[in-house]
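Participant: Listed below, chain by chain, are the residues.
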Amino acid sequence: MAMNLVVSEGEEDYFNGLPDEVVLLILSKLSEAKCLFRCKLVSKRFASFISQLRLRSLSFFVPHIRVPPKYSDLITLRSKLWIFLKTLVYKFLPNLIPIHPCEIEVDAPSFTSINQFLSNFEQIRSVCLVFPFNYEAPFEFKWYAEFTDSKKLDFFVMLSFESIDDMKQEEDDEQTDHQHPEGDDNDFETGHLVHAILYQSVMRSYLDDHILKQQLQNAEITDVKRRGKVRVRRERIGDYWSLEQKKLESVMEWEDEFWAMGMPFYKKVWRVPKLRIGSSRRVMKRAKLVAVRPMHWEADEFEDGLLEAATAFEQEEAELGEAVRQMLMVETTNMTPVFYIG
Amino acid sequence: MASAPENEKNASAPEKKTLTLKSMINNEEFVVDEHVALQSVTIKNMVDSDCAGDVIPVPTISGEILALVIEYCKNHANPSASEDDLKKADAGIVAKDIYTLIDLVLAANFLDIKGLLEVTSQKIADSIKDLPHQDVREIFGVENDYTPEEEAAVRAEHDWAFEGFP
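From first to last, the protein sequence lines are chains G and U.
First residue of the first sequence: 2, per this note's numbering; consecutive thereafter.
First residue of the second sequence: 41, per this note's numbering; consecutive thereafter.
Rather than coming from a laboratory, the hints here were simulated on the basis of the structure.
Just so we're clear, the structure is a prediction, and the values are computed from it rather than from any experiment.
There's no promise every hint is true.
Below 27 Å or equal to it, Euclidean Cα-Cα: the simulated DSSO-like pairs (lysine-lysine) are [unchecked claim]:
| id | chain 1 | residue 1 | chain 2 | residue 2 |
| --- | --- | --- | --- | --- |
| 1 | G | K30 | U | K56 |
| 2 | U | K56 | G | K45 |
| 3 | U | K57 | G | K30 |
| 4 | U | K114 | U | K84 |
Computed, partial: chain U to chain G, Cβ under 10 Å [unchecked claim]:
| id | residue |
| --- | --- |
| 5 | C91 |
| 6 | E189 |
| 7 | R195 |
Using N, Cα and C, we set each Cβ at its ideal position, and we do this for glycine too.
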């Protein structure tokens, strides 16, 4: 119908009706890699536009990888997650982790490496990798992990809670809510979830190589439900290096050879059965904050920088940030060296 | 269509200047307050350099599209509109079919209205996001200049992006 307006007379290619800058503007709003690549096939001109794009950020949806049913029927929650993540690792990090291809049967679409994919663009400032992550937990959770160099985790925090209600609603439920024993029956799931997410974080070390090469400002890894993110920030890389030189003798060689998961971690847990969030007049039930740091952190400095997690959650929802800040002030269990994943 | 009734106002009120925009596609005329129309940098330049007569002819933009553009400008010229209101109003303006959006983005580009250009491009991007490239070709009126061999090569390079697409 109205398309005839676009046709400018005398032009042999009537796509000239849409000026270059408008096409570029529209394409720059496509932040998903998959669809940009499909647009490359529109015409050569489109393809050249796409390589010229100066995108601020690009989301990259990692294809879903299916584990064959005969596996998933048999394995436990933990090994299921392990296989799932190992599968991802196998697809993405063939050089870093020795897994025999026959060990896991993978039914996944063939996939372009991230580097090959970035080479299609002249300038991208940040990248977001979105992983399929289908784990359903019996509670709500948000997580955040930050890395300061190409190999090691700086911190990981996870905020989980059973529900979040208005204060009034919660008073009505007051009487019926006493049957929960003091112990935390969600510890099992939490533990495995943390493992799983940490495995997932391995991907980051791979990304890092490319970040440094590609001059990216930052990179994020998240899952389709946007429950959390792994983040690498350039400005902190320098800090890490100076710290690392001091500790050089204590760093075991295999640790570098391997990956972040090969090293021991400490965790701390904060629990609040009912956390009142003043600003939004809401109550978070059975709130739990888990922080994980590499072993080189001393007890008294364990919490340094964790407040940044509050900022990270705040970007999504202000009340989550406030919850983290309040919980960090609560008396906690001691540091426990729970993670030693080899 | 509309005429200018503003001249009836008594002299004590500050005179509200109006401009008449005329679509050269179907000769529809729109009378708008000057400060509304001046959100278009193109019109502003015309007015500033005294090139604008009583009626400003707008080539290649139909009355239907011009009405949308004016609606946008009116919303954004209203100083009491909150950010939320404007967002909602913008969403309403761009809730159109893809071909209308293409015309609208061209109009926004021609008239140089940055905000409208942004929201319309975003909406177009959202609409073509899940479409196969053949449909994108049609929407943008682009001719396929790949040979079948070249097309197959580009496709093979990124075949993961075409999973589930023809």
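Participant: Out of the numbered hints, which ones does the structure contradict?
Facilitator: Hints 1, 2, 3, 5 and 6 not satisfied by this model.
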